[in-house]
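Enquirer: Make the full structure from the sequences, and use the hints.
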Amino acid sequence: NENPLGPAPKALAAIRAKLGQLHLYPDGDCFYLKQGVAKKLGVAPDEIIFGNGSNEIIELAARTFMRVGDEAVMARQAFIVYKLIVQAIGGVAREIPLREFTHDLEAIANAVSPKTRMVFLANPNNPTGTIYRRAAWERLLERLPEDVLIIADEAYFEYVRDPEYPDSLRYHDRGKTILTLRTFSKLYGLAALRIGYGVAPKEVVALMQRVRQPFNVNAVAQWAALAALDDEAHVRRSLEANRQGMEFFNAEFDKLGLAYAPSQGNFVLVRVGNGNEVFQRLLTQGVIVRPVGAYEFPEYIRVTVGTMDENRRFIEALGRIIRTA
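Going by my numbering, the letters in the sequence shown line up with residues 341 to 665, in that order.
Treat the hints as calculated values from the structure; they're not laboratory data.
Don't take each hint at face value.
Said to hold, decoys possible - Straight-line Cα separation of at most 27 Å, DSSO-like style, residue types lysine-lysine; simulated pairs:
1. Lys380 <-> Lys542
2. Lys542 <-> Lys516
3. Lys379 <-> Lys595
4. Lys542 <-> Lys423
5. Lys350 <-> Lys380
6. Lys455 <-> Lys358
7. Lys516 <-> Lys380
8. Lys542 <-> Lys358
9. Lys423 <-> Lys455
10. Lys423 <-> Lys516
11. Lys455 <-> Lys516
12. Lys380 <-> Lys358
13. Lys358 <-> Lys379
14. Lys380 <-> Lys423
Treat the numbers as computed from the prediction; the structure is a model and nothing was measured.
Expert: Quick look at the structure:
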């Protein structure tokens, strides 16, 4: 799910300008980047922790707050890393099926027990691209105990167009313990550099910092991310390209008679019959998509919005397959 327009140009310029500093160790605290993100989000610097991708933040949280036998509640068809990390430290992953491609927040709340240490929520969700809305989110918050860490994974939040989307950062002062995850991999186009961050109460961040490895975020990633924050032109172009691509996909899927999930991300989950077979046939035509049988969607594929040329090429290839099925 990368940005088809590539990295932010200001990020590339920042990297080129500092290549002569590659012999120096990186800033172990990400000081300048932390200041930049804090200013952009309107939070305190000590409420931010950076990682080698937001994956590392998930792992840091689990290592900090979970012990063998503790439970974490999550959607069954969500980012599989949640489950893998919880199980790796000896925890129990309690998985709740999606409801109409979306997190069933009521069922998630019902699954919370005295052993629950974390609740994982992906909004938008991967691989469906769907969101839960403000009213459902607020009802969930009312039901969750204060000592349960709510991990709101918002890797794709910049793409959301729904006005009822609940930005979890706006709820950090509601008496609940929330860790909001964000990334530079998607909109900013820095996936290869692996840099993400979490925002949480400073007490939570301080505990996570104790288990973080020194120099976990390399210098190039820090330079690029700080510059990308200021590249508003790239952000506007990327969001417009994604909007056009999503509208194109939805219209073309309708023409082909294909059902698809209502995505608010930069990808679409579309029903094609035998997902793995369609994946293989597309591959022979030079088109790569993601089969999602592992997420219990064997009849679907997930496709990322590309450039319009790439989008048209995918639709043409998919159309040939559908018509000959």
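Enquirer: If a hint holds in the structure, say so; if it doesn't, say that too.
Expert: To see whether the hints hold, each was checked on the structure:
no.	hint	verdict
1	Lys380 <-> Lys542	17 Å, holds
2	Lys542 <-> Lys516	13 Å, holds
3	Lys379 <-> Lys595	45 Å, violated
4	Lys542 <-> Lys423	26 Å, holds
5	Lys350 <-> Lys380	17 Å, holds
6	Lys455 <-> Lys358	48 Å, violated
7	Lys516 <-> Lys380	23 Å, holds
8	Lys542 <-> Lys358	31 Å, violated
9	Lys423 <-> Lys455	16 Å, holds
10	Lys423 <-> Lys516	23 Å, holds
11	Lys455 <-> Lys516	17 Å, holds
12	Lys380 <-> Lys358	23 Å, holds
13	Lys358 <-> Lys379	23 Å, holds
14	Lys380 <-> Lys423	31 Å, violated
In terms of the numbered hints stated before, the structure departs from hints 3, 6, 8 and 14, listed from lowest to highest.
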